[in-house]
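Residue numbers (the working numbering), protein chains in the order written: chain A, 240 to 305; chain B, 6 to 199.
Accuracy of the hints is not assured; some may be wrong.
As the list claims (entries may be wrong) - No more than 25 Å apart at the CA atoms, straight line, and that leaves these computed lysine-lysine pairs for DSS-like:
id : chain 1 : residue 1 : chain 2 : residue 2
1  : A       : K288      : B       : K70
2  : B       : K189      : A       : K261
3  : B       : K86       : A       : K282
4  : B       : K166      : B       : K197
5  : B       : K161      : B       : K146
6  : A       : K263      : A       : K282
7  : B       : K161      : A       : K261
8  : B       : K142      : B       : K166
9  : B       : K70       : A       : K282
10 : B       : K146      : B       : K85
11 : B       : K85       : A       : K263
12 : B       : K166      : A       : K261
13 : B       : K161      : B       : K197
14 : A       : K288      : B       : K86
15 : B       : K189      : B       : K142
16 : B       : K150      : A       : K284
17 : B       : K189      : B       : K146
18 : B       : K86       : B       : K28
19 : B       : K70       : A       : K261
20 : A       : K261      : A       : K282
21 : A       : K263      : B       : K68
22 : A       : K263      : A       : K284
23 : B       : K191      : B       : K146
24 : A       : K261      : B       : K86
25 : B       : K197      : B       : K185
26 : B       : K28       : B       : K85
27 : B       : K85       : A       : K284
28 : A       : K282      : B       : K68
29 : B       : K70       : A       : K263
30 : A       : K263      : B       : K142
31 : A       : K284      : B       : K68
32 : B       : K142      : B       : K197
33 : B       : K189      : B       : K166
34 : B       : K166      : A       : K284
35 : B       : K85       : A       : K288
36 : B       : K191      : B       : K161
37 : A       : K282      : B       : K85
38 : A       : K288      : B       : K68
39 : A       : K261      : A       : K284
Calculated from the structure, these hints are not laboratory results.
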Amino acid sequence: MAILENRYNEETLTIIENFIPKIKQCLHNTDFQEREDLEQEIKLKIIEKLATVDFQDAPSFWDILS
Amino acid sequence: MENQKVEEFFYRNNEQVNNPIIKSFLSDSNNLYLVQQAILYPTEHNKKLVDESFQLHYINVRKIKYVSNLIYFFSLDFDKKRRRLQNRALLILDKGLSEEGGTTAKELMEDASVGTGLDYLVGGGLLDNIEDELLLKSLQKLTVKQLQILEMIYVKELSIKDIAHTLQTTPQNISNLHRKALNKLKTTLREKEE
Numbered sequence: 240m241a242i243l244e245n246r247y248n249e250e251t252l253t254i255i256e257n258f259i260p261k262i263k264q265c266l267h268n269t270d271f272q273e274r275e276d277l278e279q280e281i282k283l284k285i286i287e288k289l290a291t292v293d294f295q296d297a298p299s300f301w302d303i304l305s
Numbered sequence: 006m007e008n009q010k011v012e013e014f015f016y017r018n019n020e021q022v023n024n025p026i027i028k029s030f031l032s033d034s035n036n037l038y039l040v041q042q043a044i045l046y047p048t049e050h051n052k053k054l055v056d057e058s059f060q061l062h063y064i065n066v067r068k069i070k071y072v073s074n075l076i077y078f079f080s081l082d083f084d085k086k087r088r089r090l091q092n093r094a095l096l097i098l099d100k101g102l103s104e105e106g107g108t109t110a111k112e113l114m115e116d117a118s119v120g121t122g123l124d125y126l127v128g129g130g131l132l133d134n135i136e137d138e139l140l141l142k143s144l145q146k147l148t149v150k151q152l153q154i155l156e157m158i159y160v161k162e163l164s165i166k167d168i169a170h171t172l173q174t175t176p177q178n179i180s181n182l183h184r185k186a187l188n189k190l191k192t193t194l195r196e197k198e199e
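Hey, can you work out the whole structure from these sequences and the hints?
Take a look at the structure:
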């Protein structure tokens, strides 16, 4: 269980790290005083969503290709 | 023979292979190898390996897409919320004066350090307020510093102490310059009258 959790945390971390340029870019959608707040909020939201949203229903490769 | 079989398979599924998600899946050489193995040796085990790998890939892509959208829309929502809150609790100075907004109280505030009201507009200088030509001419003979001091004393009605402070010197010095200026004025006026 602990190992699984660890792997999950690492995965979340890499996703966030890979998305940092995108986050920085989206910070321009708000006032410059709010940017630090927004950055933190976005990261929190990503963590929250990755933990709660279910991504598990992938189709089978052989169903798509005959 | 082997290559032919693989090629045939891809040819048959040309449309699906061009699907972005399949394409990106096959662009990984490991995945491509697994698929080739499954085509050549279509055992349950080989097929299962492909499926597992594909599902991981698929989930990953979905996550990335999801997070990408999340960041973008969340930043927009965040700003909207911020604006709404800000408009609801405006600082008094930031509020518009009329219903339509436009000018704010902040914009109408005066800078007290700049001369006040009409004096500032009309030109409250000492020389602007002199009507007597003789006096004007004699005043023009004074030094700039003396004129400055006379203006501050008689037009702006500042105290000697204040003037000393603005000119960064001592009150005694101001007093001195003031007296000298008056004396000079007196003598030049006398000369002209004669």
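**Message:** If you test the structure against every hint from before, which numbers come out violated?
**Reply:** The structure breaks hints 2, 4, 7, 8, 10, 12, 13, 16, 18, 26, 30, 34; every other hint is satisfied.
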